[in-house]
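S.K.: Dock chain C against the given chain Y, drawing on the hints supplied.
Protein chains: 2
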Amino acid sequence: MKIVALAGGVGGAKLADGFAEILSPEDLTIVVNTGDDFEHLGLYISPDLDTVCYTLAGIASPETGWGRADETWHFMENLERLGGSTWFRLGDKDLATHLERTRLLKAGQSLSEITAHFCTAWGVGPTVSPMSDQAVRTVVLSDEGELAFQEYFVARRCSPHVSGFRFEGIEAALPAPGVLDAIYEAEAIIICPSNPWVSIDPILKVPGILSAVKEKVVVAVSPIIGGKAVKGPAARMYKELGIAPSAQAVAEHYGDLLAGFVIDSIDRELAKDLGLRALVTDTIMTRKEDRIRLGKEVLSFTKDL
Amino acid sequence: MKIVALAGGVGGAKLADGFAEILSPEDLTIVVNTGDDFEHLGLYISPDLDTVCYTLAGIASPETGWGRADETWHFMENLERLGGSTWFRLGDKDLATHLERTRLLKAGQSLSEITAHFCTAWGVGPTVSPMSDQAVRTVVLSDEGELAFQEYFVARRCSPHVSGFRFEGIEAALPAPGVLDAIYEAEAIIICPSNPWVSIDPILKVPGILSAVKEKVVVAVSPIIGGKAVKGPAARMYKELGIAPSAQAVAEHYGDLLAGFVIDSIDRELAKDLGLRALVTDTIMTRKEDRIRLGKEVLSFTKDL
Chain Y
1 MKIVALAGGV
11 GGAKLADGFA
21 EILSPEDLTI
31 VVNTGDDFEH
41 LGLYISPDLD
51 TVCYTLAGIA
61 SPETGWGRAD
71 ETWHFMENLE
81 RLGGSTWFRL
91 GDKDLATHLE
101 RTRLLKAGQS
111 LSEITAHFCT
121 AWGVGPTVSP
131 MSDQAVRTVV
141 LSDEGELAFQ
151 EYFVARRCSP
161 HVSGFRFEGI
171 EAALPAPGVL
181 DAIYEAEAII
191 ICPSNPWVSI
201 DPILKVPGIL
211 SAVKEKVVVA
221 VSPIIGGKAV
231 KGPAARMYKE
241 LGIAPSAQAV
251 AEHYGDLLAG
261 FVIDSIDREL
271 AKDLGLRALV
281 TDTIMTRKED
291 RIRLGKEVLS
301 FTKDL
Chain C
1 MKIVALAGGV
11 GGAKLADGFA
21 EILSPEDLTI
31 VVNTGDDFEH
41 LGLYISPDLD
51 TVCYTLAGIA
61 SPETGWGRAD
71 ETWHFMENLE
81 RLGGSTWFRL
91 GDKDLATHLE
101 RTRLLKAGQS
111 LSEITAHFCT
121 AWGVGPTVSP
131 MSDQAVRTVV
141 LSDEGELAFQ
151 EYFVARRCSP
161 HVSGFRFEGI
171 EAALPAPGVL
181 DAIYEAEAII
191 ICPSNPWVSI
201 DPILKVPGIL
211 SAVKEKVVVA
221 VSPIIGGKAV
231 KGPAARMYKE
241 LGIAPSAQAV
251 AEHYGDLLAG
261 FVIDSIDREL
271 AKDLGLRALV
281 TDTIMTRKED
291 RIRLGKEVLS
301 FTKDL
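In the order they appear, the protein sequences are chains Y and C. Residue numbers for the first sequence, in our numbering: 1 to 305. Residue numbers for the second sequence, in our numbering: 1 to 305.
In case anyone wonders, no lab produced these hints; they're calculated from the structure. One thing to keep in mind: the hints can contain errors.
[Claimed, not checked] The calculated EDC-like cross-link candidates involving lysine to aspartate or glutamate, where the alpha carbons are at most 20 Å apart (straight line), are: (1) Y:Lys288 <-> Y:Asp70; (2) C:Lys205 <-> C:Asp181; (3) Y:Lys106 <-> C:Glu39; (4) C:Lys106 <-> Y:Glu39; (5) C:Lys106 <-> Y:Glu80; (6) Y:Lys106 <-> C:Glu80; (7) Y:Lys296 <-> Y:Glu21; (8) C:Lys272 <-> C:Asp256.
Given the structure is predicted, the values throughout are model-derived calculations rather than measurements.
One chain only, chain Y, in its complex shape (with noise of 0.2 Å):
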């Protein structure tokens, strides 16, 4: 079965690792969200494609989610002895991801072609792509005024009161070479276990990926959980935007767009009132097991629709 998985951080690249597990790599593209890309320190950062690529190469930090494995912090450690920024934590071996795709993009190589090559590096089979190559800016707009994301996130750790999002530039961004191909050779195409806000939606959102994923079927899985996000803002966001989050209203925000959707057996009674057709079982996954056993799930249920 060939699919596409719509990916943001770390709960969508559980779900993508546990696909990964399954299907042979031609069968399986990732395409992830850089509405959260942002510059650092003279750095080009890539938060949801370095969260998806190390947790298919097996070197993300199984404690976090995201980063890496067995992390070093000397570098932070002495920039904060000279005073440099520290609010973004970057540690010794990510840094290398960073400082090279940082030099490969000025050197004129676009994002998607330097992901292929890092992924070739760290001996990621699938097809792992940004959803656009030119630069999106997921911007959250508060009661404290227009917020970069990353500063929301991670500075102010999502203390401002959301009251929409904009996408700075995405109007004249164009999917990732590939995308559009692989979406329109997809079997099925499935939303991940990510934020719909500011994962989802900004990869939906960039011109013509919306208009081709259309065409397929379509399942998502909820990132609410017993009205709660597994990790992130999303809950916080659906209140703060005075919707109560719940996985009913993941799939109310998606409509019509969705042929199947995948809540946690803890919202087991939701199922009969969403008005399509529902797998229900365990979604949270802890252990690479519970990736593998939900992605077999979540294709086979797809493969009946």
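M.R.: Chain C only, in chain Y's frame:
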């Protein structure tokens, strides 16, 4: 006693460290070669400045003399995995210096401002100053054509046959702020045991520095001991330029600039032929005590001139 020390890398840094242990911070200014500076992986790297600062801060690697003590190489290992450039080794701790300096330079600060700021952070008391805030680049003329200094020194491990040197940009360079004042106020100028061709000459050739130095009592410490350099390519350069490497050749290089010269005990018999006042003593600085003892002897010798 108020002095200005002119220094390149490891040998110069060690003697400067000896002076720093003896003199009050306000009585010591170390003017450092920046002809070896270069841009690498998008970072501004200033090897001699870093060696001097790390040494005075007590954080230099005791094994190599350059780089940081207890350094780790996780960045480098991961850069190598990505196919990045690894000919110039950058440690995790050291990276903080390069990244923060590059960021501050891009933000409009000068190299001398940044060096002063870093010295405060590292607890370095004496003034450490780049020779100039303008870019001067040592180019090695060789049988393989012109080579940027680090390319000759690190990438090619000094294997090309040297025929001369060129200091790109030196005509337009100005002494860094405070350098001429420090020389003017100094009772003596000490030329540290650094490479005359590529560490001291660039400093002296910054317009204005040589004529200011000439007004002072100048003492040099020979970097050539028993016909050999303790570290680095000085002896090899002498040979390739057709001059037998010796303490005498160093004295001749500086010519009538010198009022006194410090040579190693091993070169004792050269003292009488130098035609200038000489201090004969042990000049190899293996331990911290050697630096202090040599520093004291050099200062006392200089005072007596």
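S.K.: Work down the list of hints and note, for each, if the structure agrees.
M.R.: Cross-check of the supplied hints:
1. Y:Lys288 <-> Y:Asp70: holds (18 Å)
2. C:Lys205 <-> C:Asp181: Holds - the C-alpha atoms of C:Asp181 and C:Lys205 are around 17 Å apart, at most 20 Å.
3. Y:Lys106 <-> C:Glu39: holds (14 Å)
4. C:Lys106 <-> Y:Glu39: holds (14 Å)
5. C:Lys106 <-> Y:Glu80: holds (19 Å)
6. Y:Lys106 <-> C:Glu80: holds (19 Å)
7. Y:Lys296 <-> Y:Glu21: Roughly 9 Å between the alpha carbons, so the hint for Y:Lys296 and Y:Glu21 holds.
8. C:Lys272 <-> C:Asp256: At roughly 16 Å apart (the allowed maximum being 20 Å), C:Asp256 and C:Lys272 satisfy the hint.
This entry satisfies every hint, going by the numbered hints stated previously.
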